[in-house]
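J.: Letter by letter, the chains look like this.
Number of protein chains: 2
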Amino acid sequence: MFDKNTMVGRSRQQKWLDRCSEFLPILDWGLHYQRAHFPGDLTAGIVVATVLVPQAMAYALLAGLPPQIGLYASILPPVVYAFLGTSRLISVAPVALDSLMVGAAIAPLAAENTPKYLGLALLLALTIGAIDILMGVLRLGFLVNFLSQAVISGFISAAAIAIGFSQVKHLLGLKITQTESFLQLLTYLAQGIKETNLVAVSLGVTSILFLVYFPKWSGKELNKRGFQELTIVPLTKSAPLLLVIGSSLLVWFFHLDRIAGVKVVGNIPKGLPSLSFPALDGDTVTALLPAALAISFVGFMEAYSVGKFLASKRRQKIDADREFIALGAANISAALTGGYPVAGGVSRSSVNFSANANTPLASIITALIVALTVMFLTPLFYFLPQASLAAIIVMAVSSLFDFGTLKRLWVYNKADAFAWISAFLAVLITSVEKGILLGAAVSIILHLWRTSKPHIAVVGRVGNTEHFRNVLRYEVKTCPHVLAVRVDASLYFVNAKYLEDYLIKAVSDRPEVKYLLLVCSAVNSIDGSALETLKSLIADLKTRGIEFYMSEVKGPVMDGLLKVGFIEELGKERIFLTTDRAMQALECV
Amino acid sequence: MFDKNTMVGRSRQQKWLDRCSEFLPILDWGLHYQRAHFPGDLTAGIVVATVLVPQAMAYALLAGLPPQIGLYASILPPVVYAFLGTSRLISVAPVALDSLMVGAAIAPLAAENTPKYLGLALLLALTIGAIDILMGVLRLGFLVNFLSQAVISGFISAAAIAIGFSQVKHLLGLKITQTESFLQLLTYLAQGIKETNLVAVSLGVTSILFLVYFPKWSGKELNKRGFQELTIVPLTKSAPLLLVIGSSLLVWFFHLDRIAGVKVVGNIPKGLPSLSFPALDGDTVTALLPAALAISFVGFMEAYSVGKFLASKRRQKIDADREFIALGAANISAALTGGYPVAGGVSRSSVNFSANANTPLASIITALIVALTVMFLTPLFYFLPQASLAAIIVMAVSSLFDFGTLKRLWVYNKADAFAWISAFLAVLITSVEKGILLGAAVSIILHLWRTSKPHIAVVGRVGNTEHFRNVLRYEVKTCPHVLAVRVDASLYFVNAKYLEDYLIKAVSDRPEVKYLLLVCSAVNSIDGSALETLKSLIADLKTRGIEFYMSEVKGPVMDGLLKVGFIEELGKERIFLTTDRAMQALECV
Numbered sequence: 063m064f065d066k067n068t069m070v071g072r073s074r075q076q077k078w079l080d081r082c083s084e085f086l087p088i089l090d091w092g093l094h095y096q097r098a099h100f101p102g103d104l105t106a107g108i109v110v111a112t113v114l115v116p117q118a119m120a121y122a123l124l125a126g127l128p129p130q131i132g133l134y135a136s137i138l139p140p141v142v143y144a145f146l147g148t149s150r151l152i153s154v155a156p157v158a159l160d161s162l163m164v165g166a167a168i169a170p171l172a173a174e175n176t177p178k179y180l181g182l183a184l185l186l187a188l189t190i191g192a193i194d195i196l197m198g199v200l201r202l203g204f205l206v207n208f209l210s211q212a213v214i215s216g217f218i219s220a221a222a223i224a225i226g227f228s229q230v231k232h233l234l235g236l237k238i239t240q241t242e243s244f245l246q247l248l249t250y251l252a253q254g255i256k257e258t259n260l261v262a263v264s265l266g267v268t269s270i271l272f273l274v275y276f277p278k279w280s281g282k283e284l285n286k287r288g289f290q291e292l293t294i295v296p297l298t299k300s301a302p303l304l305l306v307i308g309s310s311l312l313v314w315f316f317h318l319d320r321i322a323g324v325k326v327v328g329n330i331p332k333g334l335p336s337l338s339f340p341a342l343d344g345d346t347v348t349a350l351l352p353a354a355l356a357i358s359f360v361g362f363m364e365a366y367s368v369g370k371f372l373a374s375k376r377r378q379k380i381d382a383d384r385e386f387i388a389l390g391a392a393n394i395s396a397a398l399t400g401g402y403p404v405a406g407g408v409s410r411s412s413v414n415f416s417a418n419a420n421t422p423l424a425s426i427i428t429a430l431i432v433a434l435t436v437m438f439l440t441p442l443f444y445f446l447p448q449a450s451l452a453a454i455i456v457m458a459v460s461s462l463f464d465f466g467t468l469k470r471l472w473v474y475n476k477a478d479a480f481a482w483i484s485a486f487l488a489v490l491i492t493s494v495e496k497g498i499l500l501g502a503a504v505s506i507i508l509h510l511w512r513t514s515k516p517h518i519a520v521v522g523r524v525g526n527t528e529h530f531r532n533v534l535r536y537e538v539k540t541c542p543h544v545l546a547v548r549v550d551a552s553l554y555f556v557n558a559k560y561l562e563d564y565l566i567k568a569v570s571d572r573p574e575v576k577y578l579l580l581v582c583s584a585v586n587s588i589d590g591s592a593l594e595t596l597k598s599l600i601a602d603l604k605t606r607g608i609e610f611y612m613s614e615v616k617g618p619v620m621d622g623l624l625k626v627g628f629i630e631e632l633g634k635e636r637i638f639l640t641t642d643r644a645m646q647a648l649e650c651v
Numbered sequence: 063m064f065d066k067n068t069m070v071g072r073s074r075q076q077k078w079l080d081r082c083s084e085f086l087p088i089l090d091w092g093l094h095y096q097r098a099h100f101p102g103d104l105t106a107g108i109v110v111a112t113v114l115v116p117q118a119m120a121y122a123l124l125a126g127l128p129p130q131i132g133l134y135a136s137i138l139p140p141v142v143y144a145f146l147g148t149s150r151l152i153s154v155a156p157v158a159l160d161s162l163m164v165g166a167a168i169a170p171l172a173a174e175n176t177p178k179y180l181g182l183a184l185l186l187a188l189t190i191g192a193i194d195i196l197m198g199v200l201r202l203g204f205l206v207n208f209l210s211q212a213v214i215s216g217f218i219s220a221a222a223i224a225i226g227f228s229q230v231k232h233l234l235g236l237k238i239t240q241t242e243s244f245l246q247l248l249t250y251l252a253q254g255i256k257e258t259n260l261v262a263v264s265l266g267v268t269s270i271l272f273l274v275y276f277p278k279w280s281g282k283e284l285n286k287r288g289f290q291e292l293t294i295v296p297l298t299k300s301a302p303l304l305l306v307i308g309s310s311l312l313v314w315f316f317h318l319d320r321i322a323g324v325k326v327v328g329n330i331p332k333g334l335p336s337l338s339f340p341a342l343d344g345d346t347v348t349a350l351l352p353a354a355l356a357i358s359f360v361g362f363m364e365a366y367s368v369g370k371f372l373a374s375k376r377r378q379k380i381d382a383d384r385e386f387i388a389l390g391a392a393n394i395s396a397a398l399t400g401g402y403p404v405a406g407g408v409s410r411s412s413v414n415f416s417a418n419a420n421t422p423l424a425s426i427i428t429a430l431i432v433a434l435t436v437m438f439l440t441p442l443f444y445f446l447p448q449a450s451l452a453a454i455i456v457m458a459v460s461s462l463f464d465f466g467t468l469k470r471l472w473v474y475n476k477a478d479a480f481a482w483i484s485a486f487l488a489v490l491i492t493s494v495e496k497g498i499l500l501g502a503a504v505s506i507i508l509h510l511w512r513t514s515k516p517h518i519a520v521v522g523r524v525g526n527t528e529h530f531r532n533v534l535r536y537e538v539k540t541c542p543h544v545l546a547v548r549v550d551a552s553l554y555f556v557n558a559k560y561l562e563d564y565l566i567k568a569v570s571d572r573p574e575v576k577y578l579l580l581v582c583s584a585v586n587s588i589d590g591s592a593l594e595t596l597k598s599l600i601a602d603l604k605t606r607g608i609e610f611y612m613s614e615v616k617g618p619v620m621d622g623l624l625k626v627g628f629i630e631e632l633g634k635e636r637i638f639l640t641t642d643r644a645m646q647a648l649e650c651v
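Chain order of the listed sequences is A and B.
Just remember that the numbering used here sits 62 ahead of the position in the first sequence, which is counted from 1.
Just remember that the numbering used here sits 62 ahead of the position in the second sequence, which is counted from 1.
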């Protein structure tokens, strides 16, 4: 008795804990933390920090913000995500794509390097956070599926180009402010090209070459000398950090900032960010809303897809709606601590994974290192040339351009390729968020158009069997007084009229037809409009002296037709379980 | 030889004529005109004219235009349509729905009764004509199918209410200018209700009662006295004309316009309209474009649906794209002759049909009568009270309100009912064209949402047969190491991820599964995004040690998969013609 009670008590406690840990995943991994996981988490935390610190500063510049804002956004948000996120491996902090979109969204509303610009970045993070949480709570995560893979690929490819070109100004050492669109940027670049700073260009090009070849070279060398994979990964991944240190030393030693005019990061305030709260202003929120929606979707997609990919490698699961909530909370925390919009980065999360992170503790360690950096090390970044940061960005996005997908789609499905190209061009010609919206609209319209003319086949009996097949593909037996037609699609408002036109034409072309049999084996549903069309078709056929029959109506479809009285109206005897029985009843054997 | 040549010559001439008459249907019916058709055409022409003359004036008032504009739009447009239209029976002239939309579109841009207002009506007709022709030439008629029957019904019902209420001002004898939205109209009506003109109200109510009861009463009486159907129809349809004559005489005799302040039509300029050409102004065209698109669609839908319905009764055919072109030409002719946008009216076309029209000659006769009316009879309309015209409109639209469809949809399919309600409310709360757009968006999103979670069934073998059925509905045999799943939908970007999640969860819940078999009997197509998802699913399964197989892949789907190299990648031996063979190969018998 006593034992049993304890059992019940325990199981209740367990249930309660399970429920809590469903909402707070940290209870799950935190309370059952295994010591064996610590070395991996520690290494990954350190390695990701070496990648993140330069990246965060670079991405902030990409968004038109001072570099420290990127660092601020890398402290609290990853910790908040560690408490709430269902992925154990993604690294939440600034990402390139979102940073580009943030810059494009804010640039028309305020001048760069003004308090208003900073305030708008906070407000945008807050708005994105609110949208994310709403999406998660209302379980609207499925809306992300409305963006086809073709659109996402075209959109990301164009964004990669836009990001790459946005760094050309830093690589050339030009002074160009944040631009709203790719075309505007190109104009500015074309105008400024004469003022290229040759020292900055050399630094930039050297930086890119270093980032490309150092990991390959060091990996090969370390491998040759018999180092283990666990040692090699952190070292090869440290290329950005080494670049930051090396190029800073170079600028400091040769006074390149003063004598050659090389732009450096300059003074970064020391210390943790103070609490911030964005000024809420209805009109501004409305103005930011389209961009916020687009950034929320793009950020979620990036985080969710990399999270799902890494989870599957560890046989873990992640939950779309909870991910939305966790990312939303992370963005709100960014808004409250002087940051700007964050998401889960693909390359950084992969580094986290391959550096053997086991739990979100790795992200907390990363955040701690960033916090320490902000508190003590910012003066070291004074001489960091912007050209090196630009090189880090260019390298980070160079792998995003995805022409291979376009080629595959072109071969497989021209409509998808067209959606890819629409999203791609729209992003480059108009803006990132308009591009993604237009791409989504194009892929939806093309999908509807594709399904608007379903495959319809006149069928006949194969030999003496009970099988019925397309008369155009098989040698089959038909009767002149019966027309049996199979439609290979569900019936809904977009394709119903096409079916009606097809059937009317089919019976007009065959004046001897007395019975029309609709074979519904591929009809998974019939919507309200299609039902009305079906009724008017039946009435139309009646005036032509043709009777309407159906066969192989699926269970759920039949249930709906019964409920609305359609079956009664048509007559139960006109619906047959199989096409064979229908044909026998219509004396076509 | 000679004979043969002549044959060839004739057949060539015939071919050429066929081709011409395809573009100019008048060559078809005009060159083969049968004398026997004339009496019907003449009667119908006269009967429709008696309906059209009052209607045209009333609808012009509904659009905020002087009554003669409605008459002008009833002269050349129906003649142009008679040359180009593929329907032999529809009556092209002003219609209620379009007139309401024209008024709502122009009201924000110009004050009523100004030359600018008239000019905008011309420009709108020209724009609509251009859109129609473009739609026809580019064969975009299928776009009309994107408006589901539910949306159209909800939209028309709300428009009927809006039109009905817009006439309340005339029925009450109030002075209210053209309004942009239903809500604005209601506000104005509420403010003006105290100034109701009791004489006008009595006239209006009497007019409605006359229009309701005269046709019934006269039909019954004539029937009793043994008159034939052919005589009865013209007489019962003449109610509007009799009302116009009777109420004009009443106002004239009792001087109701002067002593009781009853608003009358007043002076209508005598004579045919002069040629007009709307002032082309890019900004104005842009401002009118959304409304023009909506009016073009609505006008086409109305004309096409009634045309199709009447054509089927006479076993004739109509062509959507050519209809667009014919309606476009009619609208352009309206713009050139001082008219305003026209379409094919449902009720008027039905009158044309039941008065025994045989060819478009009936419409030409109607147009001639309208022209004669404009030339000689306009002074007779001076005393025609606006309340009587309002009564004609109210009667014309009263049958459009379609609550029955909502009730049916509610029972059959809640999503369709929701689309109905969205369109209905949006039309009443915002505007007619926004309502139709929102309704279309709602029905498309609901459709995508509905198809985003397709029916998926785990299947097993029925007894010792070759049939496989849902394990939840049938008693079937399965094996623990094989999971056979049938998906009842085509795979595309919106539902691909759902399928992936479903399958990953399914194999996670069944750790003993070694082979996953996807039964594709209901998969009519796989788009590019779904293909990518499928590939990542297969890779994911591989890391879990599960092999992927497919069965019953349809021909066209297989062709696409072969072309893109998917089959080669997967391995030909992993695709089976039937589920039975697959199960045998996987040792699950």
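Just so you know, these hints were derived from the structure itself, not from any lab.
Incorrect hints may appear among the rest.
Put simply, identical chains are the same to the list, so a pair is met inside one copy or across any two.
[To be verified] Simulated crosslink set (PhoX-like; lysine-lysine; CA at most 25 Å straight-line):
no. : residue 1 : residue 2
1   : Lys567    : Lys379
2   : Lys325    : Lys237
3   : Lys604    : Lys625
4   : Lys616    : Lys476
5   : Lys597    : Lys476
6   : Lys286    : Lys379
7   : Lys496    : Lys469
8   : Lys539    : Lys576
9   : Lys178    : Lys379
10  : Lys325    : Lys597
11  : Lys515    : Lys616
12  : Lys256    : Lys325
13  : Lys604    : Lys286
14  : Lys256    : Lys476
15  : Lys375    : Lys332
16  : Lys576    : Lys604
Please read these numbers as outputs of a predicted model, since none were measured by experiment.
J.: None of the hints should be skipped; say for each whether it holds.
T.: Right, here's what the structure says about each hint:
With identical chains, the CA atoms of Lys567 and Lys379 are at most 25 Å apart between copies only, with a shortest distance of 9 Å across copies and 52 Å within one. Proximity of Lys325 to Lys237 under the C-alpha cut-off of 25 Å is restricted to the intra-copy arrangement: shortest distance 9 Å within a copy versus 71 Å between copies. Taking CA atoms no more than 25 Å apart as the test, Lys604 paired with Lys625 passes inside one copy only; the shortest distance there is 23 Å, against 45 Å between copies. Taking CA atoms no more than 25 Å apart as the test, Lys616 paired with Lys476 passes between copies only; the shortest distance there is 20 Å, against 32 Å inside one copy.
With identical chains, the CA atoms of Lys597 and Lys476 are at most 25 Å apart between copies only, with a shortest distance of 19 Å across copies and 35 Å within one. When the C-alpha separation of Lys286 and Lys379 is checked against a cutoff of 25 Å, the pair qualifies neither within a copy, at 38 Å, nor between copies, at 80 Å. In this assembly of identical chains, the alpha carbons of Lys496 and Lys469 lie at most 25 Å apart only when taken from the same copy (24 Å versus 39 Å across copies). Taking the shortest alpha-carbon separations for Lys539 and Lys576, only the intra-copy value of 17 Å comes in at or below 25 Å, while the best inter-copy value is 43 Å.
Taking the shortest Cα distances, Lys178 and Lys379 never come within 25 Å of each other, neither inside one copy (41 Å) nor across copies (65 Å). In this assembly of identical chains, Lys325 and Lys597 lie within 25 Å of each other by CA distance neither inside one copy nor across copies; the values are 73 Å within and 46 Å between. For the homomeric pair Lys515 and Lys616, the shortest alpha-carbon distances inside one copy (21 Å) and between copies (17 Å) are both at most 25 Å. Only within a single protomer do Lys256 and Lys325 lie at most 25 Å apart by alpha-carbon distance; the minimum there is 17 Å, versus 75 Å between protomers.
For the homomeric pair Lys604 and Lys286, neither the shortest alpha-carbon distance inside one copy (84 Å) nor that between copies (31 Å) is at most 25 Å. Taking the closest pair of Cα atoms, Lys256 and Lys476 never come within 25 Å of each other, the shortest separation being 42 Å inside a single copy and 64 Å across copies. Taking identical chains as interchangeable, the C-alpha atoms of Lys375 and Lys332 are never at most 25 Å apart, the minima being 40 Å within one chain and 85 Å between chains. Taking identical chains as interchangeable, the C-alpha atoms of Lys576 and Lys604 lie at most 25 Å apart only when both belong to the same chain, with a minimum of 10 Å there against 54 Å between chains.
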